[in-house]
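Novice: Residues per chain are reported as follows:
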Amino acid sequence: MPGLPKHARAVVIGSGIVGNSVAYHLARLGWRDLVLLDKGPLPNPGGSTGHASNFIYLVDHSKEMTALTVESVRQYQELEVFTQSGGIEVARTHERMQELTRRLASGRSWGIEPTSLVSPAEIKQLVPYINETILLGGFYTPGVGVVDSLRAGTLMRERAVSSGALHVSANTEVIGLEVKQRRISCVRTTGGDIETDCVVVACGVWSPRVGRMAGADIPLTPAVHQMIDVGPVPQFASAKSDIEFPIVRDMDTNMYERQAGGDLEIGSYAHRPILYDPEDLPSVAQAALSPTEFPFTQADFQPQMEHALELMPEIVGNERVGVKYAINGILSLTPDGMPVLGESSDVHGLWSAAAVWVKEGPGTGKTLAEWMVHGESEIDVHASDAARFHEHQKTRKHVRSRAAEGFNKTYGIVHPNEQWATNRNVRLAPFHERERELQAFFFEAAGWERPMWYESNASLLDEFGDQVTRRTSEWESRWWSPIINAEHLAMRERAGIFDLSAFTIFDITGPGALTSVQSVTLRQMDVPVGRNVYTPVLSPAGGFKSDLTIMRLGEDHFRVVTGGASGMSDKKWFRDHLPADGSAQLQDLTSSMTTIGLWGPRARDILSAATAHDVSNDGFKFGTCHSIDVGTVRVLASRISYVGDLGWELYVPMEQGLLLWDSLWEAGRPHGLAACGIGVYGTTGRLEKCYRAHGNELETEYNVVEAGMSAPRVKAEDFVGKEAHLRHRVEDPAAILCTLTVDDHTSKSGEKRYMLGREPILTPDGKRIVDRKGRGSYVTSAGAGPSVGKHVLMAYLPPERASTGEKLEVEYMGERYPVAVAVVGSTPLFDPENLRVKA
Amino acid sequence: MKILVCVKRVPFTGGKMVLNADGTALETRHLGFTISPHEECGVEEAVRIIEAVGGESVVLTLGPPDAVEQLRDAMSLGIDRALHLQTDAGEWDGQATAGAIVGAIHADEEASGPFDLILFGNESADAGGYQVGLRVARALGRPCATGLKGVKVDGSSVRCEQDTGAGRDVYVLPLPAVITVREGLNLPRYPSVPGRMRAARKPMTTLNRPARPEPRLELVRLAVPGGAGRKTQRLGTGSAAAPAVVEMMRTIGVV
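So the sequence lines, in the order shown, correspond to chains Y and E.
Residue 572 in my numbering sits at position 589 of the first sequence, and the numbers go up by one each step.
Each number in my numbering corresponds to the 1-based position in the second sequence with 440 added.
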């Protein structure tokens, strides 16, 4: 065998489904001189691919995961390693039946067809050996199937090799990664060194260990998934292929059962979380089976056996059907359940393709390769971005506690607003104690504890009476309070004070700062000092990479303020676009500054009571920012609003946050100032004003024109995505972002129901709405609009549906509700002339 | 009929043996545990005999608390109940092990009648001492045959077959008797799921910390012999590899 190349365009480490796929797609996109390494033998080097159950369910509530899965299935089919079997998620409880209607809706939103709800009798017809008497129904997806992931990987690897682009070296372990000036420079292996400036870590459960060689964090933990194989099953005696009956997911017991040739495979996510450290994994030689097949721990599986017996007594209860194989299979879990994809924020040229399961493997390989070659991928994977993690989220404790908590939610009924229970209170605002005194109900954002609402505001419910919509349904009342709407009304009538500590804040400074900031923003940044500018940040293809606010604080000084969720990805994007000559620097101020929002018609009265500075409309115009003194606190005040009312964002050093809070609280009391939670900021206030949010309305899949956010002119300066944006401005948009309101909330049972977001928008006769680019219409955001007296939804609609008054339907929990287009484009529903913000 | 089968919890090793820091034991951090293939056949034989003639089968082990796992495994295959001579860590030599087992056998026989047949694996998978079965037979004063590949209970005797290489020696022992068996005696079954579930409810008697006599055998140090571990030799690819394959078959004596 020839030795390893001395140089490579890119080195892919790990030859599981992900590494093979990344290597193949890099070759397909034209990269040459690629090297693929694995420390194990081929075709099964001993990672998680080798013991995967290999079945693929298509529908996930996450749009991103569904898109990666659908693309993967397309590739598996093209490789002829996909066997369609169908799959049924079965329900034993009424709560689960309701969840299955949600899954049906998600399937419609993401375009998975056909899907249907099936009765116990229909399940019995599809799966003759099931005990349908314990079931209430199921969610059937005929497109579910099984793949041969080892063969798929082998085929992709061989294609890349035969194209002459790839050198493969098995039994070659990486023993070091060299980094020079924050850039990867060399891969050291047991077979020699390879110089390269591009490395892909596709090492599955070993990824953290390999990342660490370069000083980079890949936050995941190896965890156990138990699986047994029983056989021979008489019912499968005449099986001609690996699978001929639908795969069953027994959702309420966190288990699955699938035919595997003449056997039945039973898997579980029900047992206690069993986590390991990457260092705990044995070597290939040392492992009894493979390094990721750990000894089965029978005691953990005992209840699962009873559940399997209940569901499939004819097979599982057969004394002659034996447990032939049982493992604690090791797979990857991350603290937020999403993969870790993309370039490391620690080391340039070090790419992660980790925490990816077989069902999304090839789609991920293609996505990462596109990202590496073109700078962005067709599928928006911002929720999987390897750069998304804040520092505390990379700690062992955080990774393990959240992975453990998330494990048993694998088949769980997870509310869209569900909060994590573990590892809370890790980032606290300086006025956190005040918020506790006001009985805040905290949600978490990027580790920050943020009040969603304040129980102490319950008295506002009486004040606003019928203007506050109550919810009777348990599902929509979960993680919600009518107090949010009451706080909203108090803000609209008087004023509200908001904790905005979760903002990510960074400064770009230096002689090259302006050019640098200009290069990544759609809007003109060469504005007078003291101006703030809200701007989209575009991807190369003109989609939304992000949206954020930038304040010009000096000729060479820009302060970028963005949300906590996307903050770290945004920071990397800005840092990656700093001038190469070092003429501008980025400094993260997130933990140095805290932010308080003050909005409402009385905001000016309150602020002027606290400061000697002129905060009149003439003295402090909308869209400007400058220093004011509030007592002994020097505050950077920025007149801007995400809730559609007069007011300011007030930035102060962290240690003076409490002082500012107290000063404003004191000044606000005579004016009826209310503490307002993020429910008002992020949902009710925002939606009434039709303000867009990243990750909801704004994704790379949609462009500025479609989002209704084009400005009359485009700046002369160059910026990422400009060419595409100019093109979008002259084409007819394929979809237009609209605001809809719900005409009737009454369900068949007579209860009023309120959509929470991500539901499909349908024609009046219940058909999916798909634009000419193939994108389905779904609810991007949903929430109350207390001041407009409506439940507000946003959705992209094809132009022919995007007209005011257009009657459509939204599917929610298995029923359809009438909706109407209220606004086409970005005109606010509330205060359309923006008189309030400019008051 | 009442049958006892004795088993020992041993590591389920991978290709490469790794010793602990002071070289006195296998490093078992990554390993599961099992019983030897001989003992698996002993368990299977005990289950088959009781299935055929009726009675009670009992499994016994001397080992750490975790050895419960091996007892439950045996019960999931059809053994009726278990006796656990629970020890602290530390190796017991053959003499000490046999002594403790004899004590347990006496106690059980006093309580619920004599064992007609006592089965051991021919030797343990780890220490390989070939001691315990013989010593127990001797202490109980019962006849013993070892290394058996065929066992047939016939009324009040047991017919035992021993491979000699050129054929089989046959012994007929009067019951009660002690025998040690070898892999290949039968094809052990897989546990069924109902068997697994029944095993969890079957009686397990724990006999805490049997007195351990002063060891007369001292474990000084273990060493992994050179060349141990899985090795792959690539003989070639495609049809060109055929002559090398034939040559290798000749070398290992299969053609």
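These aren't lab readings, by the way, just hints derived from the structure by calculation.
Don't take each hint at face value.
[Stated by the list, open to error] PhoX-like cross-link-like pairs, simulated, lysine-lysine; straight-line CA separation at most 25 Å:
| # | chain 1 | residue 1 | chain 2 | residue 2 |
| --- | --- | --- | --- | --- |
| 1 | E | K442 | Y | K307 |
| 2 | Y | K731 | Y | K750 |
| 3 | Y | K698 | Y | K750 |
| 4 | Y | K756 | Y | K790 |
| 5 | Y | K392 | Y | K377 |
| 6 | Y | K821 | E | K589 |
[As the list claims (entries may be wrong)] A few chain Y residues facing chain E, derived, Cβ under 7 Å:
| # | residue |
| --- | --- |
| 7 | L62 |
| 8 | M196 |
| 9 | G198 |
| 10 | Q269 |
| 11 | A271 |
| 12 | P278 |
| 13 | P286 |
| 14 | P296 |
| 15 | E297 |
| 16 | V299 |
| 17 | K307 |
| 18 | I310 |
| 19 | V397 |
| 20 | G602 |
[What the hints assert, rightly or not] Stretches of chain E that chain Y covers, calculated by requiring three or more beta carbons in the stretch to come under 8 Å of a beta carbon on chain Y:
| # | stretch |
| --- | --- |
| 21 | 567 to 581 |
| 22 | 604 to 610 |
| 23 | 619 to 631 |
Fair warning: this is a prediction, and the values are worked out from it, not measured in the lab.
The C-beta atom is built at its ideal place from N, Cα and C for all residues, glycine as well.
Novice: Against each hint, give a clear statement of whether it holds in the structure.
Specialist: We went through each hint and held it up to the structure:
For the proposed pair K442 (chain E) and K307 (chain Y), the alpha carbon gap of about 29 Å is over 25 Å, so the pair is violated. Annotation: proposed proximity of K731 (chain Y) to K750 (chain Y) holds, straight-line Cα distance about 20 Å (limit 25 Å). This hinted pair does not check out: K698 (chain Y) and K750 (chain Y) have alpha carbons roughly 41 Å apart, beyond 25 Å. Simply put, K756 (chain Y) and K790 (chain Y) have alpha-carbon atoms about 22 Å apart, close enough for the 25 Å limit, and the pair holds.
With a CA separation close to 21 Å, the supplied pair K392 (chain Y) and K377 (chain Y) stays within the 25 Å bound. A C-alpha spacing of about 95 Å is found between K821 (chain Y) and K589 (chain E), which places the hinted pair above 25 Å, so the restraint is violated. Interface hint status for L62 (chain Y): violated, as the beta-carbon distance to the closest one in chain E is roughly 23 Å, over 7 Å. Taking 7 Å as the C-beta cut-off, the interface hint given for M196 (chain Y) is violated, the closest approach to chain E being about 22 Å.
Using the Cβ-Cβ criterion of 7 Å, the hint placing G198 (chain Y) at the interface with chain E is not satisfied: the shortest such distance is roughly 27 Å. The interface hint given for Q269 (chain Y) is met, as the beta carbon of that residue sits about 5 Å from the closest beta carbon of chain E, less than 7 Å. At a threshold of 7 Å, the smallest CB-CB gap from A271 (chain Y) to chain E is about 4 Å, leaving the interface hint in force. Taken as an interface hint, P278 (chain Y) checks out: its beta carbon lies about 2 Å from the nearest beta carbon of chain E, inside 7 Å.
Given hint, P286 (chain Y) at the interface with chain E, is violated; its Cβ is 10 Å from that chain's nearest Cβ, farther than 7 Å. Taking 7 Å as the C-beta contact cut-off toward chain E, the hint placing P296 (chain Y) at the interface is violated, the least distance being around 10 Å. With a least beta-carbon distance of about 12 Å to chain E, the hint placing E297 (chain Y) at the interface is violated under the 7 Å criterion. With 7 Å as the threshold, the beta carbon of V299 (chain Y) comes within range of chain E, its nearest partner Cβ sitting at about 5 Å, so the hint holds.
Given the 7 Å rule on beta carbons, the hint for K307 (chain Y) holds: about 5 Å separates it from the nearest Cβ of chain E. A least Cβ separation of about 9 Å between I310 (chain Y) and chain E goes past the 7 Å threshold, and the interface hint is therefore violated. Nearest Cβ of chain E to the Cβ of V397 (chain Y): about 30 Å, over the 7 Å cut. The hint is violated. With its C-beta approaching chain E no nearer than about 70 Å, G602 (chain Y) sits outside the 7 Å limit, and its interface hint is violated.
With a cut-off of 8 Å between beta carbons, the stretch 567 to 581 of chain E has 0 residues touching chain Y; three or more are needed, and the interface restraint is violated. Counting residues of the stretch 604 to 610 of chain E whose CB falls under 8 Å from any CB of chain Y gives 0; the rule of at least 3 is not met. For a cut-off of 8 Å, the count of residues in the stretch 619 to 631 of chain E with a CB near a CB of chain Y stands at 3, and the three-residue condition holds.
The structure fails to meet hints 1, 3, 6, 7, 8, 9, 13, 14, 15, 18, 19, 20, 21, 22 from the earlier list, while all remaining hints are met.
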